[in-house]
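Asks: So the sequence lines, in the order shown, correspond to chains A and B. Using this note's numbering, the first residue of the first sequence is number 1, and each one after it goes up by one. Using this note's numbering, the first residue of the second sequence is number 1, and each one after it goes up by one.
Calculated from the structure, these hints are not laboratory results. Even for Gly, the Cβ is constructed at its ideal location relative to N, Cα and C. Treat the hints with caution; some may be incorrect.
The list that follows gives simulated cross-link-like pairs (lysine to aspartate or glutamate, DMTMM-like), each with its CA atoms no further than 20 Å apart [what the hints assert, rightly or not]:
no., chain 1, residue 1, chain 2, residue 2
1, A, 1, B, 44
2, A, 42, B, 86
3, A, 42, B, 24
4, A, 1, A, 109
5, A, 42, B, 28
6, B, 71, B, 28
Negatives, chain A to chain B, calculated, CB over 10 Å [as the list claims (entries may be wrong)]:
no., residue
7, 11
8, 43
9, 59
If you only want the chain A side, here are some residues facing chain B, beta carbon under 7 Å, derived [to be verified]:
no., residue
10, 10
11, 12
12, 74
13, 104
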Amino acid sequence: KQEVTQIPAALSVPEGENLVLNCSFTDSAIYNLQWFRQDPGKGLTSLLLIQSSQREQTSGRLNASLDKSSGRSTLYIAASQPGDSATYLCAVSPLGGQGGKLIFGQGTELSVKP
Amino acid sequence: DTGVSQDPRHKITKRGQNVTFRCDPISEHNRLYWYRQTLGQGPEFLTYFQNEAQLEKSRLLSDRFSAERPKGSFSTLEIQRTEQGDSAMYLCASSPRTGKTYEQYFGPGTRLTVT
Numbered sequence: 001k002q003e004v005t006q007i008p009a010a011l012s013v014p015e016g017e018n019l020v021l022n023c024s025f026t027d028s029a030i031y032n033l034q035w036f037r038q039d040p041g042k043g044l045t046s047l048l049l050i051q052s053s054q055r056e057q058t059s060g061r062l063n064a065s066l067d068k069s070s071g072r073s074t075l076y077i078a079a080s081q082p083g084d085s086a087t088y089l090c091a092v093s094p095l096g097g098q099g100g101k102l103i104f105g106q107g108t109e110l111s112v113k114p
Numbered sequence: 001d002t003g004v005s006q007d008p009r010h011k012i013t014k015r016g017q018n019v020t021f022r023c024d025p026i027s028e029h030n031r032l033y034w035y036r037q038t039l040g041q042g043p044e045f046l047t048y049f050q051n052e053a054q055l056e057k058s059r060l061l062s063d064r065f066s067a068e069r070p071k072g073s074f075s076t077l078e079i080q081r082t083e084q085g086d087s088a089m090y091l092c093a094s095s096p097r098t099g100k101t102y103e104q105y106f107g108p109g110t111r112l113t114v115t
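Just chain A, same shape as in the assembly (with noise of 0.2 Å):
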């Protein structure tokens, strides 16, 4: 069974700072990975979707990468800001399924302090 876990649950830094988000999966036989953005309260907006065959993604200060044998990928956040503030989860979308249903890690609260 496919399990996703994030770590740290939580995250706090000083504006400015870049950082790291890291996530594992038990499984590597998998389609593809994302990053996701949760604000609270709110739905979930994509930040970076990585193919199983390759190895980074980037999209502005985001770096994610992928090491699909090892089952981790990071993301990097470059020079945070306060509006980053936010919750990161990963998603896999595990091979031999129908159809790219997601299953997700617990998230990492991020707080970037001014």
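Since chain A is already given, all that's left is putting chain B on it; use the hints.
Replies: Chain B only, in chain A's frame:
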């Protein structure tokens, strides 16, 4: 393209009542997903449609839950005889038939409170 929409955004109901939620996916997206999220947890998969066919259901989807997508466009999720444990955020997502076919776009969610 107005994004995935969900209605209502909030629902308060008494235990034992039935509730129905609606999800409108992004136009031309053929896949539609329902998830449930409780406080402090990541979303959990409930069920998935490709066009009008319901292709997968989680064991979380007890016989009190039913989902439909009759014309392959909008979907409804009904919960019968609600229980306090059903209190959660219900999220809908859709993904396109071409391009990044497994990239899911989420709606704002429906927050259900069962009193």
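Asks: Run the structure past the numbered hints and jot down the numbers of the failing ones, going up.
Replies: Hints 4, 5, 8, 10, 11 and 12 are the ones this structure does not satisfy, whereas the remaining hints hold.
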